[in-house]
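Undergrad: Chain residues, written in single-letter form:
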Amino acid sequence: MATLELSLDEQAAEPARRKRRLGLLFWFAMGWMVLVFAVAILADVLPLPSPTDMDMLEKRAPFSAEHWLGTDGFGRDELSRLVHGARISLIVGLFAPVIGLTIGGALGMLAGYFRGRFESIVVGSMDVLLAFPPLILALAVTAYLGQSIFHLTCILGVLGIPAFMRVARAATLTLARREFVIAAQALGATHARILLRELLPNVLLPLLAFFLLAVAVTIVVEGALSFLGLGVPPPISSWGSMIGEGRESLDVAPRLAFIPAIAMFLTVLSFNLIGDTLRALTDPRQGAL
Amino acid sequence: MSGALLSVQDAVVDLPTPRGNLRAVDHVDLSVGAGRTLGIVGESGCGKTMLSRAILQLLPKKAKLSGRVMFDGQDLPQLSPEKLRKLRGQSLAVVFQDPMTSLNPVLTIGTQLIETIQEHLELDLAEARKRSIELLAAVGIPAPEQRLAQYPHQLSGGMRQRVAIAIALSCEPKLLIADEPTTALDVTIQAQILDLLAREQQRRHMAMIIITHDLGVVAGRTDEVAVMYAGRVVERAPTPALFKQMRMPYTEALLAALPKLDAAPHTPLPAISGRPPDPTRPLKGCSFAPRCRYAAGRCNTEKPALSAAETPEHVYACFHPIETRARVEA
Amino acid sequence: MAFFLAWRLLYLVPVLIAVSVLTFLIASLLPGDLAYVILGDQATPENVAALRHDMGLDQPIWWRYLSWLGHILQGDFGRSFRTGQTVLQAVTERVPVSFELMILAELIGLAIGVPLAIACAAKSGSAFDRFMTGSAFAMLSLPTFLSAILLIFLFAVELRWLPATGYVPFTEDPLANLRFMVLPALTLALAEWPGIMRVLRSDMIAALQEDYIALAKAKGLKPSRILFVHALKPSSLTLVTITGINIGRLIGGTVIVESVFALPGIGRLLVGAIYTRDLIILQGVVLLVAAGFVIVNFIVDLLYAALDPRIRHGHA
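Order-wise, the sequence lines are chains H, P and C. Numbering of the first sequence is given in this note's numbering, commencing with residue 6 and proceeding in unit increments. Numbering of the second sequence is given in this note's numbering, commencing with residue 732 and proceeding in unit increments. Numbering of the third sequence is given in this note's numbering, commencing with residue 1136 and proceeding in unit increments.
I should point out that these hints are in silico values taken from the structure, not numbers from a laboratory. It is possible that some hints are incorrect.
As the list claims (entries may be wrong) - Under the rule of at most 27 Å between Cα atoms (straight-line distance), these lysine-lysine pairs were calculated in the BS3-like manner:
1) C:K1368 with C:K1258
2) C:K1357 with C:K1368
3) P:K814 with C:K1357
4) C:K1368 with P:K795
5) C:K1357 with P:K795
6) C:K1368 with P:K861
7) P:K861 with C:K1352
8) C:K1352 with P:K795
9) P:K975 with P:K1015
10) P:K905 with C:K1258
11) P:K975 with C:K1368
12) P:K1015 with C:K1368
13) P:K975 with C:K1357
14) P:K817 with P:K792
15) P:K861 with C:K1258
16) P:K814 with P:K792
17) P:K905 with C:K1352
18) P:K905 with C:K1368
19) C:K1352 with P:K814
20) P:K975 with P:K795
Unchecked claim - Going by beta-carbon spacing under 7 Å, a handful of chain H positions derived as facing chain C:
21) I126
22) A145
23) Y149
24) L192
25) G193
26) A229
Small disclaimer: the values here were computed from a predicted structure and weren't measured. Yeah, the Cβ is synthetic: ideal placement off N, Cα and C, and Gly gets one too.
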């Protein structure tokens, strides 16, 4: 029908227009990303005061040449804490999803490829993990294990496994029926070869797009835990704990809460924007959304 | 033309697409008198559905319509949305191709009938309900009262199309447009639905346009037939005249593509070779020329205009009309 | 439908058992020993050994799990060794606060998200639509604790319209209760509406392309009826799904919001138990919240099935 052909044309037009419109914002996000990564990596080399040195005479000092962003309630340099906080956010925010990506991705591919009882067990155990509201589980485990960056990263990583598993399994399920996989099977390729050579390269792309969205979520959860004082242990600076401490002085020095808040918002937004753009590119069906 | 209930004058529908402008309907003139039936026939993508949407003013937002669509003395494209709304469903009704998608899956049959009736007629709920039951009975649905509380998915395809027809008939329209009303149905049901449409058309003295890709559908059931190809009307004639002597090679090819009951078993169907032209790349000459076995000379360089044959009612657009070979009655 | 119900119920049992095992295991992860935590400074080897024996900590782990589960099945979730309150008492006392908060938040979220989704879908592609879609995307990147701070700063510190912290039970003084609840509920709602709007909007835009909308137009129905009945009703199923998906995040959100606004709900109970290392309360609350979450998800599934006539009549 003429109408059908037209609606197909409209769909084809949609992603092209989106790409152009997202262009500028996308590059802003990339720019911010590069900046955050740069200061986080160079934190120790940059000419900044120590983020943990207290100066009780200079509590909540305003912006100055010595302290560009002023000092916090303990007289610690705000800019330095912000830069070192970026490091924590990125370490936890990147390593935790790597755990989820590796374990969840592997489980999802195996479940989607071998099907059968293995798949039921994997999906079932993920359902159990999903039965806990994520933040509650993270809180409970940190409470028992004790606060440390390592524990935090592991917990948030484990929490991400079910989501990565689903993405990998869904992608594998559709790919496993495609000609090139069936052809490889017919040629007598081993399971390992099919999984690594044929499936992995194709599953990796949607997984990586999802990875960026997971980074954003992880940074938020890390921030929430640190905000409650249950994330990274003091005196390490994290954006979440800075915001939590800044909350006490909202009336006299709101900037102490708002500066790390803005940094965190922009970072999360950037990861979301980049991840969403990549997802739209890797999954044409989502393009019109 | 002036006495007609509906007259489409020089209608052009353009659609912007990423590959360029798509002319879906190309300078079409048509008219239907009160109580008359018109068949519009053509392959998929020939613009017949776009033409029906243009008449109903249901074109996609991006589409541009020029020309006039006079209905009952009013030019539809010029009407205010509110006036158009009063007209649609009341004197101008439609039945779409697939009743599975054209009925709302989450509303009951009763709701979908009653809302139409109450929108246009001054009836209270009980009266509208009573009328709905009568309509369902009239289109041959058993146990109509129980059906009111049912959802479309609880009915068979044929029953759903009967419901869609009941909705279309609910306010005694002057014109019913049936857009491929049987294409989505089982072959065994198709004749029943077409007969139902014909019966109701006669009983209610309404005009009807049947849009189809199947010349067999329009053969015994219409007063006039317009054959469309690549957005244009290429042949138009009173139905008996058309089947007696078709002039346009495309019409002939369409007819040849119909399966025949009296053909010997295993006779291959003579499908029309090739595909319709890309509507975003208009041809200089006759659009059918690349697929036409009679095409020669100026067919590829010049567009034939609609011209009359022996009677003024029978027009066709062809430089090499079929002259001598008389066709069998369909 | 009956089959569907039975199948879902059957699935619920192993999930709940697995949830209890996982909760128990997390609690057993504790480096050191619960006895040390309870005794604190008075921990001598003899005291610890005696307490371990009293609490059954010297038993093998599977035995401890079974006896713990046995107590729970009899309604005994344990007792705080700090306040002496039982877990059930503490939870039932605080559940109404968290429920009120979550319901208010979801209502506000729907009140913002649904009309915006309808308006955007009706004028999809317009400047308004693009602006709202962009805003919703940005709001999705705003963590709950950030919007909490923002709202406190705006309404409590700068404008001084609403209190930043405090709580009065609804039964004592409904108006004062709502005054305390507005900011926390709004904070949560700010995280809820973007998801609601985005999903409902794209769903309605898809619905508006359907043939039955073209027929509704051809029937001469009023634009409002087409939008609210013909397009919104099929999409309302989506609303149930989103609400279900949101519950997990909403529960996480209440933990933060109750802490920030000092509301005596389940979330604050949980965080408080972590601060004071009240591990019995912590274990009980985690188990109850997870079990509640599983059951709520189950109810959402049923509601979804009940709302969709196609599933209701077994055509799915």
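Undergrad: Now tell me, hint by hint, if it's right for this structure.
TA: Hints, one by one, checked against the model:
no. : hint                 : in the structure
1   : C:K1368 with C:K1258 : 18 Å, holds
2   : C:K1357 with C:K1368 : 16 Å, holds
3   : P:K814 with C:K1357  : 11 Å, holds
4   : C:K1368 with P:K795  : 31 Å, violated
5   : C:K1357 with P:K795  : 23 Å, holds
6   : C:K1368 with P:K861  : 25 Å, holds
7   : P:K861 with C:K1352  : 24 Å, holds
8   : C:K1352 with P:K795  : 19 Å, holds
9   : P:K975 with P:K1015  : 31 Å, violated
10  : P:K905 with C:K1258  : 33 Å, violated
11  : P:K975 with C:K1368  : 52 Å, violated
12  : P:K1015 with C:K1368 : 49 Å, violated
13  : P:K975 with C:K1357  : 47 Å, violated
14  : P:K817 with P:K792   : 20 Å, holds
15  : P:K861 with C:K1258  : 38 Å, violated
16  : P:K814 with P:K792   : 19 Å, holds
17  : P:K905 with C:K1352  : 17 Å, holds
18  : P:K905 with C:K1368  : 31 Å, violated
19  : C:K1352 with P:K814  : 13 Å, holds
20  : P:K975 with P:K795   : 37 Å, violated
21  : I126                 : 11 Å, violated
22  : A145                 : 5 Å, holds
23  : Y149                 : 5 Å, holds
24  : L192                 : 40 Å, violated
25  : G193                 : 39 Å, violated
26  : A229                 : 6 Å, holds
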